[in-house]
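Chains as they are written, first to last, in the UniProt record's numbering: chain A, 1 to 268; chain B, 1 to 268; chain C, 1 to 268; chain D, 1 to 268; chain E, 1 to 268; chain F, 1 to 268.
Hints in this document: simulated from the structure, not taken from any laboratory. From a predicted model like this one, the values you see are computed outputs, not experimental measurements. Hints are not guaranteed to be accurate.
[Unchecked claim] In the DSS-like style, the derived pairs of lysine-lysine whose C-alpha atoms are separated by at most 27 Å in a straight line are:
1. Lys20(D) with Lys57(D)
2. Lys23(B) with Lys247(E)
3. Lys28(B) with Lys247(E)
4. Lys28(A) with Lys28(D)
5. Lys27(F) with Lys57(F)
6. Lys247(A) with Lys20(B)
7. Lys247(F) with Lys192(F)
8. Lys28(A) with Lys23(D)
9. Lys247(D) with Lys192(F)
10. Lys57(B) with Lys57(E)
11. Lys192(E) with Lys192(D)
12. Lys192(C) with Lys200(B)
13. Lys57(D) with Lys57(A)
14. Lys57(C) with Lys28(B)
15. Lys27(A) with Lys20(D)
16. Lys192(F) with Lys27(C)
17. Lys27(C) with Lys20(B)
18. Lys192(A) with Lys247(C)
19. Lys28(D) with Lys57(F)
There are 6 protein chains.
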Amino acid sequence: MAYTAERADTTDIIWSYIRKEAKEMMKKEPVLSGFLQSTMLSHRCLEEAISFLLAEKLGNNAVPAQLLGQVFEEAFEADPSIAVSIRADILAVYERDPACTSHLEPLLYFKGFHALQCYRLSHWLWNNDRQALALFLQNRISEVFSLDIHPAARIGKGIMIDHGTGVVIGETTVIEDNVSLLQNVTLGGTGKGTGDRHPKIRQGALICAGAKILGNIEIGECAKVGATSVVLEDVPAHCTAVGVPAKIVGSCCPQPAREMDQSLPRLD
Amino acid sequence: MAYTAERADTTDIIWSYIRKEAKEMMKKEPVLSGFLQSTMLSHRCLEEAISFLLAEKLGNNAVPAQLLGQVFEEAFEADPSIAVSIRADILAVYERDPACTSHLEPLLYFKGFHALQCYRLSHWLWNNDRQALALFLQNRISEVFSLDIHPAARIGKGIMIDHGTGVVIGETTVIEDNVSLLQNVTLGGTGKGTGDRHPKIRQGALICAGAKILGNIEIGECAKVGATSVVLEDVPAHCTAVGVPAKIVGSCCPQPAREMDQSLPRLD
Amino acid sequence: MAYTAERADTTDIIWSYIRKEAKEMMKKEPVLSGFLQSTMLSHRCLEEAISFLLAEKLGNNAVPAQLLGQVFEEAFEADPSIAVSIRADILAVYERDPACTSHLEPLLYFKGFHALQCYRLSHWLWNNDRQALALFLQNRISEVFSLDIHPAARIGKGIMIDHGTGVVIGETTVIEDNVSLLQNVTLGGTGKGTGDRHPKIRQGALICAGAKILGNIEIGECAKVGATSVVLEDVPAHCTAVGVPAKIVGSCCPQPAREMDQSLPRLD
Amino acid sequence: MAYTAERADTTDIIWSYIRKEAKEMMKKEPVLSGFLQSTMLSHRCLEEAISFLLAEKLGNNAVPAQLLGQVFEEAFEADPSIAVSIRADILAVYERDPACTSHLEPLLYFKGFHALQCYRLSHWLWNNDRQALALFLQNRISEVFSLDIHPAARIGKGIMIDHGTGVVIGETTVIEDNVSLLQNVTLGGTGKGTGDRHPKIRQGALICAGAKILGNIEIGECAKVGATSVVLEDVPAHCTAVGVPAKIVGSCCPQPAREMDQSLPRLD
Amino acid sequence: MAYTAERADTTDIIWSYIRKEAKEMMKKEPVLSGFLQSTMLSHRCLEEAISFLLAEKLGNNAVPAQLLGQVFEEAFEADPSIAVSIRADILAVYERDPACTSHLEPLLYFKGFHALQCYRLSHWLWNNDRQALALFLQNRISEVFSLDIHPAARIGKGIMIDHGTGVVIGETTVIEDNVSLLQNVTLGGTGKGTGDRHPKIRQGALICAGAKILGNIEIGECAKVGATSVVLEDVPAHCTAVGVPAKIVGSCCPQPAREMDQSLPRLD
Amino acid sequence: MAYTAERADTTDIIWSYIRKEAKEMMKKEPVLSGFLQSTMLSHRCLEEAISFLLAEKLGNNAVPAQLLGQVFEEAFEADPSIAVSIRADILAVYERDPACTSHLEPLLYFKGFHALQCYRLSHWLWNNDRQALALFLQNRISEVFSLDIHPAARIGKGIMIDHGTGVVIGETTVIEDNVSLLQNVTLGGTGKGTGDRHPKIRQGALICAGAKILGNIEIGECAKVGATSVVLEDVPAHCTAVGVPAKIVGSCCPQPAREMDQSLPRLD
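Chain A on its own, in the form it takes in the complex:
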């Protein structure tokens, strides 16, 4: 845990916020003090806290929490960009979800956030020639959180996956920074061919609840895909696509992933 020493200082503002929020929550709800202490307050840095929390969730008889926690810590040490992504994801949820009133809540409670960070570990394993353990984690994520994210997918930072249940993200998917996804979104393939066959979601895009985006197509920068829509062709940047199958129905607000506005332009 040598990597924590230099970070335990006060320069990690997010970790400072989280500790402050955890202490306040503990005062208001003492029943949760054990939970807050063991998941947050007894740790020296955000990385250690997340390793503990997620390892407790994913661990089982086959691979106990203690071992998984060490794998998390290895990954954090080897690839500092994971820690950067996690902080960006916390901020993304904090800013975009009006029901979220603290930095602590996504960390403690949001399944979409939990699954995403577990994916970050499985992705690191995948890229370091430990595909078998990565697939094991994919299954655990699917069982525990009900999201199915292939460890080979490439996902940027500042991502929010709201609610999360039912989300499917395929093997060759690319999601750039600052994208928002809602529950039950599928980023899927079309057919049994191997090779690059899943969507590319450009930065700032918003994919609303239940949308299915199928095949190696591109959802352009800051584009929006309406709820339940089925997208089979590219959606240009800053456009809104709606329907089954989806059609372009107009432009959208400048930053749809940040606005989280699932409403649609009036179609007359």
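Fit chains B, C, D, E and F to the given chain A structure using the hints.
Leaving out everything else, chains B, C, D, E and F in the frame of chain A:
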């Protein structure tokens, strides 16, 4: 458990039915006798049985079942309307679900029913200034049952949530009495603004599988929203809305939530 | 376990592949050796391995894994067709899912596969007058895997349920051989009438992600239902149905369930 | 839990001490805050805390903690003398064990104390015609704490069982108030005859580590039995018995159970 | 489980008694019905019930109960003498322990009986060249029951180990049929030499609580060793040895192991 | 885990032996491969392996294994003498216990060894002003292993505690290097006075099974205390004390703790 004394009499007809059904099931399937004994037959009243059953499901290392069971019992004592709602919900499932042949089955097995009753506890906590524990329960409900119901939502009685996986109900949602919802329904917001931003579902309405209702709009009394539809505007009482985005396609049967008829008027 | 003797020979090619793949995986990822040993390599035949694996997943305080494992073995002994179906299902996933590179992976990790085999046990119980235990398993499958399959449904062999979260299959559903289903598909009823009220899916059909097929209608042989579509009327063999509600938009490839092509004919 | 209301006041001095000590411990060792919160601070009275703590220890798959907790609470309500005994036992340990520096420690940590209180529950069950559950608890006490106390034995208050491992107390044993026992003491029978066949330990006696007292004999008031001694005949009040088999070697200090002095008179 | 068929008949009188007693207990104490059902009544024969019960106790993350249950069943199939010994042990406890009023109680609750039967499995493994798993079980027995029995020791049938905590039985020990041992007995070695270095206990002998028998010496047929005695030399048949170190103090009753009389001849 | 880097080299001969033995055991008994992998082979050094193994044993709901594992690692980092002691203890058991045929066995299976190493952690905590957590561990050790060792006791290296059940070691006890203790030994106080009140065991001494040594007395260098003896006065170096109460009966072999000879000089 003083509150149980006056109820242990034979005037609670639903509890009598449940005990009778549990005894019959035990005779037919002795392998389940421990399960039936500990969840149902060893309890003095329906409230005690539900407290036990749901606390066993939601409890974990952080907040063990025993503590949760006591919180359930506190809630039942403090707010007798919860017990009334639960009985109405059991009857709702029993009457509306053709695959349900007893009062016992929803109690033992239906995830939608389980999540709803756990929400009733979290809602009581939310209203009694214990928001932190309410949010903890929201997360546990989401992990265990795959339904995400914000504790601040207001939900009436006589509710059936069929199958349940993937349902999302937002913070300012209102659901009146005798509504039916199916799996994967979203009652969501539109955008990151705070304030009253979620749907109002009037009594007797039916929201079919996978429908998304987005924003502070009203689904009128005994209206029906078709499967997978995306509703962005009010639906008047007794009307049927269908499509992505949804349009009014006609009226519907007088009591759609009771009929559970997901079919649609023929569109020619 | 007398039934295993004659099968432990080398004539079970699938079991030979699985053991070989497990040994290779163990070499590459020693952290998983306990998992692979206890779920696969310490067993004499595929049936014993599956009994162990699924009993560990479904078992809980009420019905411990050891008892469930014995019920699985009883079923395998009494009805040899279950073993045939399982092997066909493994091959189906192996052939149709481009992200699946071994026979071992569906066995170890695929929720849709796990839920399907657990359903096969519950179905056998249902047909042998043990409905109560069958319903208990239905609930456990729904809690653990997030698929809700009624034990009375009739499902053929060579079935792939991809990803699986949110799938609902009703009581009187029939699914013939070699069908593929994706996540979030509903094969549901229309209304609270009892009797034969769920879809019939003919062989070779493909039901894409999020599709809802409602009522006692027929999806013809090798037909395709597009993602998110809501089907309320029969779809003829070899046709493609799309939309909310769905319309026939053309024919489809000869073997859609094998091709897994969720794309749609261009609609102009 | 109606019985707690009148006790939650500040008149229960021991409970006040315990809460104060728990709060101090929590400040000094935050890692234990969850433990202290859930076992002590979240409860309204000592009885509720003990019910929770011991039910968590004894509960298993067969009889879960929640059910046992309710049985404890029933016993406390039905027989107020149990609560009196517990308080006397806490004081006994606090006064007699020099390594014990708070009222909280025996409650949290002392196996002998835990086993004794669990026996008090099993004894109440035995006397209320629930012998089967009483024997179940005897086994759980033996597995969890390594003390074997028959539920029919009669044991007074103000008892200290130090360390506790290996203690055996037979069916017709009587232990009066203010007795001290150490680890590995046997109060056993002689032969397979039924009927009154176990020792009677009069008040204030001290039974040192490893002593075996066998048969329906009497250890008189404030007598002492030396470590490892085997006593087969009555020991008069205020005497010390030592040896294998034991002989009377002199008188002892006025209050041996309080003094806990295992040393012996010099034998020349 | 083919071996059970021929035994499920009514010729196994002990199994018939046990089932009858379990049903009666279930009626008197419904809280235990799940426990009795899963450990006893859902099994076809005594062997299956014991396999289940002990596997549940010994199983842990490293070797789950399901796997251990299969190892038990293998042993029963391969060596029918184990089943004979178990029945003799049940009868031994039933006849000799006045606190035991049924054949069911030792099976359900007696740690000494449980540890002995687990030893029988470890001994079979040891003799079949699976020393590593045998040692694993020795550790589990020691952790769960607090008895330490080396798997290489040879132990006959009709054995009672009363209470059991603290018993130690060394590697080259021999215990013949119909011996009784009490808690805390050591059958140990003297020194670090390998080879035959532990006691030989001839049939019908009684070793009272806390006795230590050290070295390759012989306790003769139907001899008795008094409580807490330390025996370093042979004890002839039908004699009683007492003291630290032990001396022969006279003869004993004809069948000390059956009489269980721990009293001693008066020493004047 | 930075401290492990320099140790992962081949200079730690004991760790090399252990890994070699674990690999051989895995080949002979594949059922244990998960156990051996997760407890031994997946770790970089002996310290990491022991931290994992013991944390899995001591962890519970209140303080999960993951947290305890980190506390172990902290202690190893802060006080390198703990690692030295552990290695000496492994060698002590390997050399002195004829039933122990590898360096791996004590590590995996010996309760006395496990309890001793857990004590080493609790002792470090006690000395670093974390008495509360130290007492928590004392209780866990007592529950899990049935040894009760006060964290303030001072215990040297090269210690063997054989079998271990029932051992009690008081607060002000001192045990010097290379001492051997057997099951059920008490190193206890005499009376309720505080202050230095427990035995001092000088190096090389052997305390046989069931011996009770009471009070602030000294067992001299390479002295021996016979089984079940009760020692109330100093025993000079190289002498043997036997009896209840104990008398000096002669000298003993030069290195009793290494010889492990529990036999006694003939007393005529």
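Structure-based check of all given hints:
Among the hinted pairs, Lys20(D) with Lys57(D) is consistent with the structure: their alpha-carbon atoms are about 24 Å apart, no more than 27 Å. In summary, the hint linking Lys23(B) to Lys247(E) is not supported, as the alpha carbons are separated by about 63 Å, beyond the 27 Å threshold. Pair hint Lys28(B) plus Lys247(E) does not hold up; C-alpha atoms about 63 Å apart against a cutoff of 27 Å. Distance check on the hinted pair: Lys28(A) and Lys28(D) sit about 20 Å apart at the alpha-carbon level, within 27 Å; holds.
With a C-alpha separation of about 25 Å, the suggested pair Lys27(F) and Lys57(F) falls inside the 27 Å cut-off, and the hint holds. For the suggested pair Lys247(A) and Lys20(B), the alpha carbons sit about 56 Å apart, so the restraint of at most 27 Å is broken. This hinted pair checks out: Lys247(F) and Lys192(F) have alpha carbons roughly 26 Å apart, not beyond 27 Å. Of the pairs offered as hints, the one joining Lys28(A) and Lys23(D) holds, with about 16 Å between alpha carbons and a cut-off of 27 Å not exceeded.
Note on Lys247(D) and Lys192(F): the hinted pairing holds, with a Cα-Cα distance of about 25 Å set against a maximum of 27 Å. Under the criterion of a C-alpha separation no larger than 27 Å, the hint pairing Lys57(B) with Lys57(E) is consistent with the structure, at around 23 Å. With a C-alpha separation of about 39 Å, the suggested pairing of Lys192(E) with Lys192(D) is violated against the 27 Å cut-off. About 25 Å separates the Cα atoms of Lys192(C) and Lys200(B), which keeps this hinted pair within 27 Å; it holds.
About 23 Å separates the Cα atoms of Lys57(D) and Lys57(A), which keeps this hinted pair within 27 Å; it holds. At most 27 Å may separate the alpha-carbon atoms for a hinted pair to count; Lys57(C) and Lys28(B) meet this at roughly 25 Å. Among the hinted pairs, Lys27(A) with Lys20(D) is consistent with the structure: their alpha-carbon atoms are about 17 Å apart, no more than 27 Å. About 59 Å separates the Cα atoms of Lys192(F) and Lys27(C), which puts this hinted pair outside 27 Å; it is violated.
Between Lys27(C) and Lys20(B) the CA atoms are separated by roughly 56 Å; this puts the pair beyond 27 Å, and the hint is violated. Annotation: proposed proximity of Lys192(A) to Lys247(C) holds, straight-line Cα distance about 25 Å (limit 27 Å). Our distance criterion of 27 Å between C-alpha atoms is met by Lys28(D) and Lys57(F), whose separation comes to about 25 Å.
Hint compliance for this structure: hints 2, 3, 6, 11, 16, 17 are broken, all remaining hints hold.
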